[in-house]
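Residue numbers (the UniProt record's numbering), protein chains in the order written: chain A, 1 to 304; chain B, 1 to 322.
Simulated from the structure, these hints should not be mistaken for lab results. Some hints could be false.
Cβ-Cβ distance ranges computed for the label pairs, FRET-style [unchecked claim]:
id : chain 1 : residue 1 : chain 2 : residue 2 : range
1  : B       : I5        : A       : K25       : 48 to 54 angstroms
2  : B       : V25       : A       : T202      : 38 to 44 angstroms
3  : A       : S183      : B       : E55       : 49 to 55 angstroms
4  : A       : G127      : B       : V25       : 29 to 35 angstroms
5  : B       : T236      : A       : S217      : 41 to 47 angstroms
6  : B       : L18       : A       : T247      : 32 to 38 angstroms
7  : A       : R260      : B       : I109      : 27 to 33 angstroms
8  : B       : E55       : A       : Y160      : 31 to 37 angstroms
9  : B       : R241      : A       : R29       : 51 to 57 angstroms
10 : B       : L18       : A       : D298      : 19 to 25 angstroms
11 : B       : I5        : A       : G201      : 42 to 48 angstroms
12 : B       : P31       : A       : T64       : 26 to 32 angstroms
Backbone N, C-alpha and C fix where the C-beta goes; we use that ideal spot for every residue, glycine too.
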Amino acid sequence: MKDTVSLNDKQLMAKEKVNNPSFMKTIWREIKNDKIALGSLILLTFLLLAAYLSPLFIDQADITRVYMGNIYKAPSADNWLGSDDGGRDVFGQLMLGARNSFTIGICVTLIAGLFGLTVGLIAGFYGGIVDNIIMRIIDFLMVLPSLMFIIVFITIVPQYTVFNFILIMSAFAWFGKARLIRSRGLAERELDYINASKTLGTPSWKIMFFEMFPNLSSLVIVNMTLTLAGNIGLETGLTFLGFGLPTGTPSLGTLISFARNPDIVENKWWVWLPAALLILVMMLCINYVGQAVKRASDARQRLA
Amino acid sequence: MLKFILRRTLIMIPQLFLLSLIVFVLAKAMPGDAITGAFAGDPNATEERKEELREKFGLNDPWYEQYGRWIGNAVQGDFGSSYMYKQPVTTLLAGKVGNTVLLALFTLIITYIIAIPLGIVAGRWTDTWADKLIVTYNYFSFATPLFVFSLLMLFLFSFILGWFPIGGSVDIKIEEGTWDYIVSKMEHLFLPVMSGALLATFGTIQYLRNDIIDTKLKDFVKTARAKGVPERKVYTKHILRNSLLPIAAFLGYEIAGLIGGSIFIESIFSYPGLGQLFLTSIGARDFTVVTALVMILGTATIIGTMLSDIILSIVDPRIRVE
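Based on the provided sequences and hints, a complete structural model is requested.
Listed below in structure tokens is the structure:
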């Protein structure tokens, strides 16, 4: 008797697995069925592989070394995309910059995501006065012209490093996430499984991170993919203005910032144009994949 | 209704207070003060003389007294003076604010001129080729970073095609007040405005399209059709009246975006406005100007958001519940 029951349970679970594929599987199915999303994903993977694997083929020290006899050379077989004001190879810097920009984008997204998640879960789980106070603060923070504040912080921070830059950017990137997670959390806290867990005496933090969070994870994944592109755009934009990565750590924005000089915009397009186009392509790809991920999270919008 | 407006206005007071406090703390954290600034490059300034002046101007007082004085002056429009330009910050801003307001105003107008018809077409004829085209455009405008797009516009239209000037707000040789002056101004505004507006349409198109698709199925629209109202009128009189009103309320929310955008656009098109002033001041460590700009533009976004909230609550009573 007991055996049959457990067998049935097993069968049920197996059936459940087939009927309820994991979120990752749903995402993959959604991407597979959208030709443009699939193309974007392949192109993005290719670009990132090229950027992250380039140190195997290109000498890193060589890229940042100045060659005075080689300034502003047009593209040739030696320098595929020409060279910049220090005679440095633009193609090598493009790969290095893409790697730095993407890595920083990921870091900012993760840190801001973690912070937004924590604040959002706390507001959503406790509700009431705690929620009220947190939300008033977030309302205020969201109104601020954040770009100006980021620039001011970057200028006044002593000992400016890449890590500080990531922290400052993250500090202004979590408000929307917290708000999103909080609104779903508020609905979630009314559900029976949370109440049951509370009655059993599970500590609040355990309920938040191990019981509530898994149910919100698809929301978090969707939001993170969509904001990743925005964060990369903001980082390159700040670097373009001269308030981003410190000199010595080139980003795609560093190459584009050459375009602040009209002579270079017009006559030395190879320095800045490839970086600008590369950012554009990366943004479009990430967003397209992000849209597919978003559709996967909402059964009504799915194409597949 | 009145209660909501009152409450929403009252929330603004702690917000403005917090903003001023943050800006004050930032100003204090910025290296150097008004005295070091004023004496920059003056070899006769001794440390004792500077200390004397600091005492005189109250820079050694406790922070809350300094804060009180600073905010008291700021409310009266006195933000101190810029050491780089050697003139009061207020005078400095007055010369630039017109350009930025002009840029922002035209950007808004063009954004709505593009976005509203496109949103209506996409919402009314869903899933047609026109809708698909508009949705694709919307996707591009959402994903493209403003500074990359502006640069490409500048490169294509000013440098390669030579249709527009490459920077500035007006030709220097032209006299103010003449017709040519206005034409030259428009020529200089065209590219910055288009770069901003073409990307800013995203929110409006998305909102209108979704809202029209939702409203199409509402009961009052069905009633109108059942009564025999012609299809054209169903849209102009019933659906659009419902969907277009909130857009007017979104204006205030746009302010923060416009300020952020103006920093990039003014820098790329070397357009002399507040965004460019902000960047040059921060580059020159002219912190009185920076502080004043952050304070003024921060206040502008807080007030803008409040106005939007209030207008929206009048237009759409459902959101007043909170």
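Structure-based check of all given hints:
For B/I5 paired with A/K25, a C-beta distance near 50 angstroms keeps the hint of 48 to 54 angstroms intact. Between B/V25 and A/T202, the C-beta spacing of about 40 angstroms keeps the proposed range 38 to 44 angstroms intact. A C-beta distance of roughly 53 angstroms is found between A/S183 and B/E55, which places it inside the suggested range of 49 to 55 angstroms. Between A/G127 and B/V25, the C-beta spacing of about 32 angstroms keeps the proposed range 29 to 35 angstroms intact.
For B/T236 and A/S217, the Cβ-Cβ distance of about 45 angstroms falls inside the hinted range of 41 to 47 angstroms, so the restraint holds. Restraint check, B/L18 to A/T247: a C-beta distance of roughly 35 angstroms satisfies the suggested window 32 to 38 angstroms. One distance hint, 27 to 33 angstroms for the beta-carbon pair A/R260 and B/I109, holds here, with the actual separation near 28 angstroms. A hinted range of 31 to 37 angstroms holds for the C-beta pair B/E55 and A/Y160, which are about 33 angstroms apart.
Restraint check, B/R241 to A/R29: a C-beta distance of roughly 42 angstroms breaks the suggested window 51 to 57 angstroms. The hint said 19 to 25 angstroms for the Cβ distance between B/L18 and A/D298, and at roughly 36 angstroms that hint is violated. For the pair B/I5 and A/G201, the beta carbons lie near 46 angstroms from each other, so the given range of 42 to 48 angstroms is met. A hinted range of 26 to 32 angstroms holds for the C-beta pair B/P31 and A/T64, which are about 29 angstroms apart.
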